[in-house]
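Colleague: Residue numbers (our numbering), protein chains in the order written: chain A, 1 to 449; chain B, 1 to 449.
Any given hint might turn out to be false.
No copy is singled out in the list; a pair is fine if it fits within one copy or between any two copies.
Mimicking SDA-like on lysine to any residue, the simulated pairs with C-alpha atoms at most 20 angstroms apart in a straight line are [to be verified]:
hint, residue 1, residue 2
1, 125, 217
2, 87, 244
3, 21, 313
4, 21, 443
Think of the hints as simulated: they come from the structure by calculation, not from any bench.
Source: prediction; values computed, not measured.
Protein chains: 2
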Amino acid sequence: MHIVIVGGGAAGTSAALELRKRLRDADITLLEGESYPEYSPCALPFVIEGAIESFDDIVVHDPSFYASVANIDLRLDTAVVSIDTAKKVVHTATGPFPYDVLVLATGSAPFHPPIPGLPGPGEGKKTFFLKTMDDAKMIAGALEGSTRALVIGAGLVGMEAAVAMHCRGLSVTVMEALPSVLPQMLDPDMSRIVSESLAREGIDIRLGVPVLSYGEREGGVEVHTSSDVERYDLCVVACGVRAQASLAAAAGLAVNGGIVVDTQMRTSARDVYACGDCVLSTCAVTHAPILGQLGSSAVRQARVLAAAVSGYPDTYPATYNTAITKLGPIQAGSAGVTVAQAERAGLSVLSYRFKGSTLPEYYPGGETILIKLVYGDGGRILGGQVVGSSGVLCRINMLSVALQQGADLAFLAGMETAYTPPLSPTVDPLCRAAEMALRKEESRRRARS
Amino acid sequence: MHIVIVGGGAAGTSAALELRKRLRDADITLLEGESYPEYSPCALPFVIEGAIESFDDIVVHDPSFYASVANIDLRLDTAVVSIDTAKKVVHTATGPFPYDVLVLATGSAPFHPPIPGLPGPGEGKKTFFLKTMDDAKMIAGALEGSTRALVIGAGLVGMEAAVAMHCRGLSVTVMEALPSVLPQMLDPDMSRIVSESLAREGIDIRLGVPVLSYGEREGGVEVHTSSDVERYDLCVVACGVRAQASLAAAAGLAVNGGIVVDTQMRTSARDVYACGDCVLSTCAVTHAPILGQLGSSAVRQARVLAAAVSGYPDTYPATYNTAITKLGPIQAGSAGVTVAQAERAGLSVLSYRFKGSTLPEYYPGGETILIKLVYGDGGRILGGQVVGSSGVLCRINMLSVALQQGADLAFLAGMETAYTPPLSPTVDPLCRAAEMALRKEESRRRARS
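Just chain A, with the same shape it has in the complex (with noise of 0.2 angstroms):
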C-alpha cells in the first residue's frame, strides 16, 4: 500500500508514524513544502523570548529518523501542486506521487488582514507573521538592534510575541481591534485580568484600536489609527489563521471554511484522509463546525485516521477547545465556550465567576485563582476560564475532563479531589466556584418562584 502524506508538521507527522505502527509494510511518503521535518510552532514564541536555547531544540525528530527508524521517505522542500484523487496521484514541483491512501495534513496560515498597505507573508521587510520556524528565525533576527515592537492582534500568537519581545528587552505594542485579548479563549471580564498583569509588566497593549493603514518605512514601519501616527522598527501580525484548505478545494473535495471529514478523519474523497489544522471539527458544546486549531487535536486525530485507514475504526469526537497559555507572570486557560460564544451559537447561558487561592490561607505562597464557569438553564456545564499565576493547568484539565463526560454544576461542586495543605485547599477552588454558583442559582430560582 502506497500512502502518501501532505504536509509535515504535527498532524501529517503522528500521521505517519500512527501509520507505520499499525501497518508495517505499507510504504509511507511524507511530503513537506518547509526545510524542516516536524518542530513545535507552538514553541517559536518562547524559542524568541529564550526559554528555549535554540530553534533546532523544538525539531521533533532529526531527519535521519524517518528513514532509519520510522521507515517513512520524507521529503522536504517538496511543495503540493496539486492533487488528481481520480488518478490518484499528487503533483509536485519534483515530480509525481502515486497513491493509495492519501492524507492530507496541509495545516492553517496566517490571516492577511485588509490593512490598507499591509504586507503579506513574505513580502515585508521589517513585517512579520508568526506561523513558521523561518518566521520565527526571521523575528529574532530583527530583534537585534531594534527598541520598539508592535503586534497587531491580541490573540494567542500575538500575545505570545509581544511577551517574547517584550522579554527580550523590547518596548512592545499591542494593537488590536477588539475590545479584549484573546476573545477566543476568554470572556471581556477575565481577559482583562491578563491585560491588566501584562500592562503592570510594561506592554503596552491598546483594545479597541483597528490600524487604519500601514506601511513599512525606511528602517521600520508606520502605523496609522484613528489618533495618530506612530512608528516601530519592527511589527508582527496576528490576526488569527485560517486553514490551509486551498489544494484540498481544487481537486473538487467538500470544503467549508477547513477540509470537511467524518469522525474517522475520511474526505469527500475516497481513499483521502485529512487531520489537523486544515480540517473542519465540530464544537461539541455548539454542535457548530468550527477549526480546532489545537496541537494535541492534531495529534489525536492522526491517531483515529490511522486505525481507519488500517481497518480499526476509532472516532475523532467533537472539539472541547481546552487551550492554556502562559504569558509572562500570568496563565490562563479555557476549555468549552465562552460566553460570548454560547450566546452566537444561541444557547441560553449563565455564568459565575469565582476567586479562590491555590493554597489554604495559612499556607505561605497561596496565589489568587480566579475561575469562571459557563452553564446552561439546568446546570449543564458548557465551558469555563481559568486565570492566575498558577495552578491553571490542574483546573482547566479537571474542567475539561468534566466537561467531557457531561457534568453538570452539582458534579463539579462535589468531586472529590486531592489535599494537602503545601499543595491544595480542602475543597479545590474549581468546586467551591461551582458549589457558589450552585447557591446562586438556587437562590435565584428562589426569587423567582
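Chain A is fixed; fit chain B onto it per the hints.
Modeller: The following block gives chain B in isolation, referenced to the frame of chain A:
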C-alpha cells in the same frame, strides 16, 4: 430547633456552619473536648517543619467568630461523657445539653500499636502521637536540643512527621513493619520511588522492620528490633488512626469500626447524624465499608448532613480515596484503589506503569512523572497513583474526576487536555499512560487469540 454537635474539628465545624446557612433560627451548640476551635490537623506536620510559621496560623476562625458572626455557641474543653438518645440529651462534665438534632463528629484517634512497653497517647515523656494541636506542640517542643528522632510507622502522618523533623535538622529514622511506605496510597513499585528519594535526602527508612519492644529511658527512648537495640531522643508513633465511635456505641448506635450512616449521614438513632473521620464510608470502587479519613470528605459530608437536616436531601456518594502528600522534594497522589487493595477485595485487576515528563522534551525544567493506572478486565479505571516532583496534583485530580464518572482506559487516552510548551506536553502524560496501557492490553488480547 436545638442542634448539638459533638466535635469541633473540620467535620463538626463545617456541619455547624452549613446548618447555620440553611437554618437561620436554629440554636446551634458546638461541643469540643480540646482547647482550640477548628484547626487544620493536616497542617500540623508543616508547622512542626517550619513551613507554616505558627500554630495560631492554622486555627480556621478566631473563637469570637463563632458567637459574633456565625451565631454558634462554641464550648471548648467540653468533653462529652454520654448520650441519651431516648431522652435526646448529651451529658458533659459541665452539664446536660438537650437536643432536637444531634450531630456526631467525634473524629478519629491514633492507633496504639501493641508494642511491649510503648506508652499510649499522652502517657510518655519522649513518646508522641501526632493527631492534635497539643500533640504537635509537644513534638515541636521536644525537637529543641534533640538530634535523633525515630518515627514508628511509614504511613502518611509518619512520613510527613519524618520529613518535618528532617527539615528541622534532626537525624531521622523511620521503622515500618510492612515492606513499603504509604501502603494505603501506593503499591510497592510506586512507593519505592518515594522511599528512595527520601533516603537520598538523608532519611533512614527501614522497611519490614517491626519494633519488638520499647521503653522510655533517661532523656530518650530505646527500641528493640530483631537485630538491634537503638536509642533515640524522641519517638513519633504513627501507626494509623481508628474512628472514635465509643460514645456512639455506648449510646446504642450501630457501629462497625466506624459509625454506620446512610447516604444522608443519618445514624441508626432517630435525629442523630454523623460525619467526618468517625463514620464508616463506602469505597466507590470495591463497595466495601472503609474509613474515609480525608479532610475534604469531612467537609462534603457536613454539607450533605446539613442539607438532610434542613429538608433538602442530598446524598454523600461513596469515597474515591483521592489523596496527595508532599514529602520534601517528592509528591505522591492516589485515587481509587491500589492493585493490592483491589486484589484484597477480590477484583480482577490489571495495571500499567508509565514514565512521562511534565513538559515537552525541548522545554527546560520538565520533570519526570510516574503514573500507574489500575484497571479492570474491560479497561474500566479502578484507581491510579502518581509520583513526581511536580504536576502530581493535576494528574491525580484529573484521574479522580474521570474515575468519579466511571471512565475507562479509552476515555483517559482520548481526553482533550490543555497544551502550551512552558506548562504541559502536547498530550498529557496521563493520557499517554492510558494509551500505552490500551496498547499493551490490545497485544495481550491478540497474543491470547
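Colleague: Against each hint, give a clear statement of whether it holds in the structure.
Modeller: Hint by hint, here is what the structure shows:
no. : hint      : result
1   : 125 - 217 : within (10 angstroms within a copy, 83 angstroms between copies)
2   : 87 - 244  : neither (23 angstroms within a copy, 79 angstroms between copies)
3   : 21 - 313  : within (15 angstroms within a copy, 53 angstroms between copies)
4   : 21 - 443  : between (56 angstroms within a copy, 13 angstroms between copies)
Checked against the numbered hints above, the structure violates only hint 2.
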